[in-house]
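Chains as they are written, first to last, in our numbering: chain A, 272 to 511; chain B, 6 to 291; chain C, 3 to 235.
Don't take each hint at face value.
[As the list claims (entries may be wrong)] Just a few of them, taken from the derived set where beta-carbon distance is under 8 Å, the chain C residues facing chain A:
#	residue
1	Leu14
2	Leu16
3	Glu26
4	Leu68
5	Ala124
6	Gln127
7	Gln136
8	Leu138
9	Ser139
10	Thr143
11	Gly175
12	Glu187
13	Leu228
Derived by calculation from the structure, the hints in this document are not laboratory data. The beta-carbon is built from N, C-alpha and C at its ideal position, and this holds for glycine as well.
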Amino acid sequence: MTAAYELTDVRHCYGDRCVVDIPTLGVRSGEILGLVGPSGAGKSTLLRLLNFLETPTTGSIAYAGAKIDGDVPLSVRRDVTTVFQRPMLLRRSVAANVRIGLNLRGVETKDRSTERWLDRLGLTDLADAPARTLSAGEAQRVAFARALVVEPSVLLLDEPTGNLDPYNVGLLEEIVRCDNAERGTTVVVVTHDIFQARRLADRTGLMVSGRLVELAETETFFSTPQRPQTAAFLRGDLLI
Amino acid sequence: MPSPITLFIVVMLLAASCAGEGSDGEDVLRLATTTSTNDSGLLDLLLPAFEAEHDARVDVVAVGTGQAIALGEAGDADVILIHARAREEAFVAEGHGTARSDVMYNDFIVVGPASDPASVAGTALASEALAAIAVAEATFASRGDDSGTHSKERSLWDAAGVTANPDSDWYKSLGQGMGSTLIYADETGAYTLTDRGTFLAQGKSLPDLRVMVGGASIDENVDPALLNPYGAIPVNPDKGGIAGALADVFVAWLTSIETQEMIETFGVDPFGQPLFYPDSEQWRVR
Amino acid sequence: METLGRAFADALGLLWSLDAALLETVGLTLQVTLVALTIALVLGIPIGAAIGLARHLPGRWLLVPLIYTGMGLPPVTVGLFTYLLLSNQGPLGGLGWLFTPAGMIVAQTIIAFPLVVGLTMAAVQGVDPTLPIQMLSLGATRRQVATVTLLEARVGVTAAVVAAYGAIISEVGAVMLVGGNIEGETRVLTTAIVLETRKGNFALALALGIILLALAFLTNFAFHRLQVHQGVR
């Protein structure tokens, strides 16, 4: 199996404080990788590094076998996209929001992909509605549609269903699973919800204080954690 | 917290106390005059003397000739002091003013760039110089604001037999005051007609301008058409709200021998020559 | 009241007769205003957007108050500055722009530019601060982020355009000094109003004022329709 990412000695620091400190991590192409851990563990920062929105202070990240140094090629950055916990929707219609990634790429939007994604996310009736009037669940569905319409190789999810009702959570998890199965999309999902990681992820890792404490096949991670910290986290004990 | 109505009344009372009579009951005279008269500084010399003598305050409104006349017509001024003879006479004839009194005079001069492209330096008559400027199509800057100076300029063009208007490329109608027009002439190398007082007062900031017609002082000015008489007219008290009595007192004071002597000495110190020459009836028969 | 009534009648009469001198004045007013506005927008919107987006710009603590001060520049001071710049004795005297529409455009641009920069900056700062990172993650280039941000701030940016337009079309001090109010060359509506007032032609002056107001209103009405239309989404 090829690697989507290879991280070597990656540190991301603000002065003396390193919020990410990962000696080595491989993300397999086509897998769903779950990342759990307490707030402030550096999970979101790691996602920004994987999306090339920030550059690590030290260390290197290889993407699809090529080491990324200095300026990230636009083609690489456009291969990856993130869905954030709170989507920032533009003051435009729902359909226009879904199209934005295609517009940014200068892609002709005459094809049916926008309509297809609106349909898959149950947004067809809202296509012409102003995006600012949507509920939280609808807004996050728009965010998924605008991320997936550009057919990214890597989909990064940062607490994607944080404040949503069970219906929307189920719908969006199903969308992620389908896209992963149909297109082989690599997915890295950061979540507070350990059960979401268990439902979705092929492998799951625990991050604490910027470090990757344990990374294992999801079943192993949950049934026989190797580290005491993992066992404690899964029990619901507070971790510092 | 005072109510808005109370506040409004207080503000209106404050505003009212600033208008009309002075705070200690002194009388107020509204004098409408031209900017050139005011800019010369003459009024700053004369008015304090009048105010002290008559326990009155003079509010000067310095505007264009047309606006000064309009202020008089509307009864918004008690007396006007301007220099546009024909219009002054019309003002009295139409019943807006009681009578016109000669006060003083100075003279107009034609100035132009040192390079003198129309070769008019030293011409005796302004109308001849203007005719030469028109033939040479040298740039001429006109006040273009219906002021006394502008009226004089138009009569000189008539005398020169030239139809000068903004359709000609060389004729620039500025619509501005004397000072701005002189600066324009200096910057662009244009000729213009000016009263001598303003030209003398502004001389330092006009390095490129020279006197073309009118000589170094009024004594050298041989063109009678360039004389610039000033008249004072009390506004007709029938208009209502006019300080008619005070206006009459003011005109009498302005034309008295003592005041005329003050006028005669004004400007001699900085410029070596008077800016205005006394010319009241009393002065002439003294 | 009589003067006011006559002014309205005169204004209608002037418009009806399509007086050539009046049309020339109106035309020059629009020309100077629109050219200056366009230059100020082309320079000011990108700069305002850049400053609004660069929240950690070094020197920002000084730059922002400077811009806000520039928004309140007294037009007469700008006129004086431009005059000294373009005068024969000034550094740009060689251009021969004093007492020409080009000089007036320079002054008006200087007046409008800080308004456009400041209000664009404020509008951009009002946009969701997570917009840049979310757009970058969707594959936007830096330039595209700026464009999307401006479109997002379009109501505020339109306000910047309106404010700059209103400031310069109604401005009199600077154009009087720099333009010289020359009939048929640099006379615009505001300087014509001053002139006619000085002449005592109050009715004509008021009529010109009504035309100026109508021009401002028509343009602002169009901008407002645009804003309402955009504000829906």
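Quiz item: Checking against the hints above, which ones are violated?
Solution: Failing hints, ascending: 1, 2, 3, 4, 5, 6, 11, 12, 13.
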